[in-house]
Amino acid sequence: MTRVNLTVNGRAREIDVETSKLLVHAIREDLGLTGTHVGCLTGDCGACTVRVDGATVKSCSVLAVGAEGADLTTIEGLAGEDGLHPVQRAFWDEFGFQCGYCLPGMLLTACELLEDDPDPDDDAIVEAINGNLCRCTGYAAIVRSIRCAADRMKDTP
Amino acid sequence: MTAIGTSVRKADGEVLLTGRGRFVDDYVLPGMMHAAIVRSDVAHARITGIDTSEAERAPGVELVLTGERAARHSGPIPHFIDPAARGGRRAEVRCLAVDKVVHAGQAVAAVVARTRREAEAAAGLVRVGYERLPHVLDADAALRPDAPRLYDDWPDNVILHNHYGTGDVDAALETADLVVTETIRIGRSTTAPMEPRGYLASWDRFDESLTVHGSVQNPHQLRWMLARSLGLDETRIRVVTARVGGSFGLKMQGHPEETLICLLSRLTGAPVKWIEDRRECFLSGAREQVHRVTVGAMRDGRIVAVRDRIVANAGAVTAQPGWAMPNMSATTLASGYLVPNVEAELHVVATNKPPLNAARGFGKDGAHFVMERVVDLVARGLGADPARVRRVNFVPPDRFPFRTATGLNIDSGDFPGLLDKALKALDYDALRDRQRELRSLGRHLGIGLAFELTPESADGPGTFVSGFDVTTVRMNMSGGVTVLTGVTSPGGGNDTAIAQIVCDELGVPLSWIQVVQGDTDRCPSGFGNFSGRGMVVGGGSAALAARDVRAKIATVGARMLGVSPDEVEVTGGVVRVSGEPDRSVPVPDVAAAVLTRAFAVASEVEPVLEATRAFKPGNINHVPDERGRIQPYPTYSNCLHAAVVEVDADTGLTELVDFVMAHDCGVVINPALVEGQAHGAIVMGLGAALTEELVYDDEGRLLSDRFKSYLLPRAGDLPKVRLEHQVTPSPFTMYGNKGAGEAGVGGAQAAVANAIEDALAPFGVTVTQVPLPAPVVLDLIERARSK
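Residue numbers (my numbering), protein chains in the order written: chain A, 1 to 157; chain B, 1 to 787.
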């Protein structure tokens, strides 16, 4: 077992994990944050996406011990005290999900994109989410949701 | 206010968006153990012995179960749709193979351990001895008299052999101006929801009862099936369908692991969880067929006869209903066309591939693919525009209800109307000009049309494919409403749309309504999710139950207001005197009166603020007509797909340039939810048309067992898919609504195939298969060139 100290959604946490444990399993089992999902364990679907020090990472493809000292954000950490994040609201308003299983990847990828590029065109949105699979929506509503979030975030400085 | 017809946001939005949606893998119970499954790595063999000793000694292991021992504690798994009930053959299906395996990937043993890793590690230590038997993977080969046989007590490998259709095909072909014959192959694809299957079973040894949390579509049928296979009384079992992360048919019951995980819990006395991994999920097939089709047409474009000999590869027999899908491929011919003479011969064949499992389209997709290829072959043979040939053959809007040659009674529609909408959206004539222009530059633009007729909300006599469902509407003392329904939602959102219906019918705000689904201890006995039935029968029964509760509220509310019940209306959470909005009483006050003043102001009504109703739509008829045809569907949604592609003839790569679907599912309860599912279905069809295929080696082992080799469409692979709407109400459902969510796969597949053939017309290519990845397209070009 190895002790890992990290910040999770703004809170300092400490977990003991086997060195071979994947980050996604540590998040789900040791941190109890089951909003991060397992879809393939091969890094293809993106349902396990989290942000590590601001960058989106497929947490099935890295080890938990590698998160020592990291600042981790999961889907649970998106909403603030004043309610849903604008990206979450846009996904709700624009029907950007059906079953919701792919949401960790779609939401966190959208947030990362909009921080880098507040006014992405559709091609940039598609490129950003191309590493995330969704089987329900056919992606159209997801692209629309991110577009909507960008428009709203632009209008509210 | 009317909620029906508006795009109300999904009721579970906040829960899912904040990561609080509880899927089956998110449940943790005290003392919970984990299961892993040992699967056969050979396609066909006798099991000569299983050595579990090393696995039993491995760290954390609680139990290693073999098929032999499992058979002492559990019986065969009953079929969801019994082939014998349809004139076919059944095979005994067990949760673990007993003497023999019939496909690679079949479960032969299971391990329960403290952690999943320990269970998986120990599973690798189970030694299974196999005496290999000859195997057969191809359905045509499996039909040969000398083919290896899967089941010793069968005379061949045929699960079902049947004929469908009416008319005189031979005579019609004789007089036809054009006769085309082609062999068309539909490759094996799969549903691949983002969340694989999973079950968490807890046997309670104190009160001898079983609770199962599962990612499943049909909780009540699963309870019945578990009662049979485990020898338990149904009253001792509770099935809770955890939130489901997509399903598309895969999670209809009949999978061996359902019985297996429950048995493991019973034997260990601990809660046992099993979550399918992605590789296991890819074992399930969705479709695989060969059609040998002959079509006859007249010079004016009228199709006079279709003969189709269908051979469907069902893989090994399972209790899941997937084997029955090819039936629909036969009976959905000739789709929405006026073809008077149709003859379909169907062989559903068992092979040593893994089983077919139910999948969105449920075989209708096969009929659409073939029929739409056929229409294009006719157009090509006559040198006619494919849009015109469709128009000539469509059942006209004034002929409904229309009985097809195979017996389906299409309720309503305006198929030429859909064609007009799609062609307009494409700017069809201009696009044809553009095509000619590009051709002169050596570029290959193609336009493909495909019509799709989706029989919805099926009823299979004597099966759990039920054409009705049941809903309870219950109002509490505060006026809050709990809706308990037998239909389930694997993500599509029918819970939201059912709440909209109750909102309008009961007359209370949407925010007062909670919909509960997927719990056999709470919801009325119903049939879950399949066949586009959620709103037809879930919505219909919710409306009836809501009306009953509303009537009681109106009666008591009227008495509280000192008027007669026919003078009041219930709306927006108040009972008010019609035309006098100031004279009103809040519904919560009325609810409280019903429940606390039963011998006073509410003495006229029975003090139960609850109603349970079933809705049986019209148009279903199981009495065979003079030609032996039955009619298992109330309503038929329909759509017209148009795909525009550009094919690079040097690389074989197809680029999707544009896609339009004109859609008619009757009256729409929640437009955004319907559109969302249509997009999803279309994209599933595009994947099955271009990139998705389950590939096996010669030994029957799956090669495309991950998302790196089984290629789902990604956002960057797709054009902007556009939808056009048309509303032709169904006369046979509550609101004129038709099913939604299932349509899209077969039509999208066909439109792309037709577009690729159209693009490659200068080479004279005939598209005879899907999927059509680049190497296949290059082969087609080469084949055409060498002719």
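By construction, these hints were calculated from the structure, which means they are not laboratory data.
Accuracy of the hints is not assured; some may be wrong.
[Said to hold, decoys possible] Straight line, CA to CA, 20 angstroms or less: simulated SDA-like cross-link-like pairs of lysine to any residue:
1) B:K720 with A:C148
2) B:K100 with B:L137
3) B:K100 with B:A71
4) A:K21 with B:R117
5) B:K720 with B:A672
6) A:K21 with B:L137
### Which numbered hints fail
6
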